[in-house]
Amino acid sequence: MPAGHRPRHVARRDPRAHWVLFALGLLVLLAGLAFDGYARGGGGGSGRPGLATSAATPLSGPFVRADAGDLVTRTLPARTIALTFDDGPDPLWTPQVLDVLRRHKVPATFFAVGSRVDAEPALARRIVAEGHDLGSHTFTHADLSAAAPWRRHLELALTRNAIAGATGRQAPLFRPPFSSRPGDVTPADVAALRDATGQGQIAVLADLDTNDWRRPGVDAIVRAATPARGAGAVLLMHDGGGDRSETVAALDRLIPLLQDQGYRFTTVSAALGVPAPAASGVDRLRGTALRWFQALGAGLTTVMSALLAVALVLGVGRLVFQAGCAWWHARRRRPPSRGVWAPVSVIVPAFNEAANIRATVMSLIGGDHPAVEVIVVDDGSTDGTADIVERLGLPGVRVVRQRNAGKPAALNTGIRYARADLLVLVDGDTVFQPDTIHRLVQPFADPRVGAVSGNAKVANRRRLLGRWQHLEYVIGFNLDRRMYAVLRCMPTIPGAVGAFRRAALRDAGGVPGDTLAEDTDLTMALHRTGWEIAYAERAIAWTEAPATLRQLWRQRYRWGYGTMQAMWKHRAALRERGPGGRLGRRALPYLVIFQVLLPLTAPAVDVFAVYGLLFLPAYQLAAGWLLLLLLQAVTAGFALRLDGESLRPLWSLPFQQVLYRQVMYLVVVQAAVTAVLGSRLRWHRMARTGAAAALVPNIYQDRGHV
0 MPAGHRPRHV ARRDPRAHWV LFALGLLVLL AGLAFDGYAR GGGGGSGRPG LATSAATPLS
60 GPFVRADAGD LVTRTLPART IALTFDDGPD PLWTPQVLDV LRRHKVPATF FAVGSRVDAE
120 PALARRIVAE GHDLGSHTFT HADLSAAAPW RRHLELALTR NAIAGATGRQ APLFRPPFSS
180 RPGDVTPADV AALRDATGQG QIAVLADLDT NDWRRPGVDA IVRAATPARG AGAVLLMHDG
240 GGDRSETVAA LDRLIPLLQD QGYRFTTVSA ALGVPAPAAS GVDRLRGTAL RWFQALGAGL
300 TTVMSALLAV ALVLGVGRLV FQAGCAWWHA RRRRPPSRGV WAPVSVIVPA FNEAANIRAT
360 VMSLIGGDHP AVEVIVVDDG STDGTADIVE RLGLPGVRVV RQRNAGKPAA LNTGIRYARA
420 DLLVLVDGDT VFQPDTIHRL VQPFADPRVG AVSGNAKVAN RRRLLGRWQH LEYVIGFNLD
480 RRMYAVLRCM PTIPGAVGAF RRAALRDAGG VPGDTLAEDT DLTMALHRTG WEIAYAERAI
540 AWTEAPATLR QLWRQRYRWG YGTMQAMWKH RAALRERGPG GRLGRRALPY LVIFQVLLPL
600 TAPAVDVFAV YGLLFLPAYQ LAAGWLLLLL LQAVTAGFAL RLDGESLRPL WSLPFQQVLY
660 RQVMYLVVVQ AAVTAVLGSR LRWHRMARTG AAAALVPNIY QDRGHV
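For the sequence shown, counting from 1, position 530 maps to 529 in numbering that gives the first Met the number 0; every step adds exactly one.
Incorrect hints may appear among the rest.
[To be verified] Beta-carbon label-pair distances, calculated as ranges: (1) 329 with 242: 52 to 58 Å; (2) 677 with 596: 18 to 24 Å; (3) 311 with 614: 17 to 23 Å; (4) 654 with 316: 21 to 27 Å; (5) 258 with 622: 52 to 58 Å; (6) 311 with 199: 48 to 54 Å; (7) 242 with 312: 30 to 36 Å.
Hint data in this document are derived by calculation from the structure and do not stem from the laboratory. Ideal Cβ placement from N, Cα and C applies to all residues, glycine included.
Build out the structure end to end from the sequences listed, making use of the hints.
Right, dumping it as structure tokens:
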């Protein structure tokens, strides 16, 4: 091989390092979403439904601590009140409670949910700054009596860290959620209390539960909070977890009422003589990191919710618009054709196409259109492709040999050798039906039309991967082409079946070779030179689709990368008028949104779906997924019927959405990274199996052509 000449059919190593960052990014996203879902999982209230009092294990006082393995309790002295508030801090109700306490100069103890401390750190600091206690109420308002030991430890540790990070103080006090009076403690509660007090915290129950979370009315709350016969009491109220307007109003009446009866108010720490010491620097750092991570998770949830909503609207809108355009394309009345019978030159670029080349050539010369010449350009094949064609000895079929220079160069070589002014460009793994060429050239009756796209179909569709590609071709590609035809902005004439005027190719400068999607690049160039592009949906060609995931990856990687190259190359069409402007302002935004941006966001959307499986009601997810699947199935059935195809492949549609779709968006990720890095991707050739060739006897069985 001469120096400086490099074969074009050479695969280079693709960039791979980004996959590590990609996986780490998805893990961080999932971790952030999961933590936010965990943090949002708390409830409220102090009652546990169905509490079996017969199984209770009474304690003698509301203050519980561990002493030599036993639980020791204490009570408040007479006419002493400890106001306690659970489930905050709440940005609406906690400030109102604090205002009432400050107005009456009364201290209180707040048992805060750790996740809400992270969400409202300023309120936590205000509680401490105004002389109140801030204790732990677990991180998510979890029922510790029903939780595993590791969950109990995690809930308490996270809350201690949250309080330390927000206030700089430790949290020696703890109240278990759904707890109430000492006499209502169950054996399971005792086990949870042992775990908590074993970590050095003092558990605080209540003497009087106001049940204000039920919103029984201000009078009922005041009555429930008034001790009998001057007894001391720990009062249980709430500053978060719901509407606390009754609590605020009752508190404003209760404090003066009890003061008039000679009661004094104290914090739990003052009553027990256990002030909250300063937190260590490590605890503060952990608490700050925890708060930032929770904020990150909340932000990610908000962003992903918005992204999912946008993706759903765009996806559903696209299906509806595609179907509408396809219906209009099928129904609209076209002007009667005068009939185009001009000679046609068919150009077949071939590199190692021995498996299909004989069938391809036979299908091209066995059709209905007269005066068809076939030019096979052998692009340096090493499998005897050119010899197979020459041994056929068919009239009107020529073989041109050249050094391996790539498909665009082979096409341009064939164009130079062609005699006709109407040219059909076809891949070497494609088989035409008898009427394909004639139907393909009919739109040239309109002198404004410079090129025509045919309808490519998957030949090897018996296996699941081929069936998925068949659905993709019919639903996606051909519905898109009908839509593009209605909008007059067709961005791609497939290499498998397309026809061109010689004058249009000359205006476009021939088949470009500086992108890997030469068909898209050429079609866009034709628009920009002022030519119209038509779609002949009944000009059918059968092509061999990739039979393995590896081959599919390589093909779609090249397509995706090449399409991005072509879009960037023709970005100036956004500012143009006429056919070029329609391409720039209709097709290019559509391609950017649906072939680049949405596939790039699809991995994150799938991670969000995992988050939904973990934290959202299953019936909502199932209903949403089934609704989308039904819409896709209806659209798919419509597309299959438009193309005269059987509906039987629809059974594989759910699996396509779950498995095939992921491969497709990962290909776009790889292509986008390659484009951003500026790597030069070479042609990845697909190994042929002869699946398209196997169709020839069926297509021509009634014509005697085999």
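Going through the numbered hints above, which ones does this structure break? Give me the numbers in ascending order.
none
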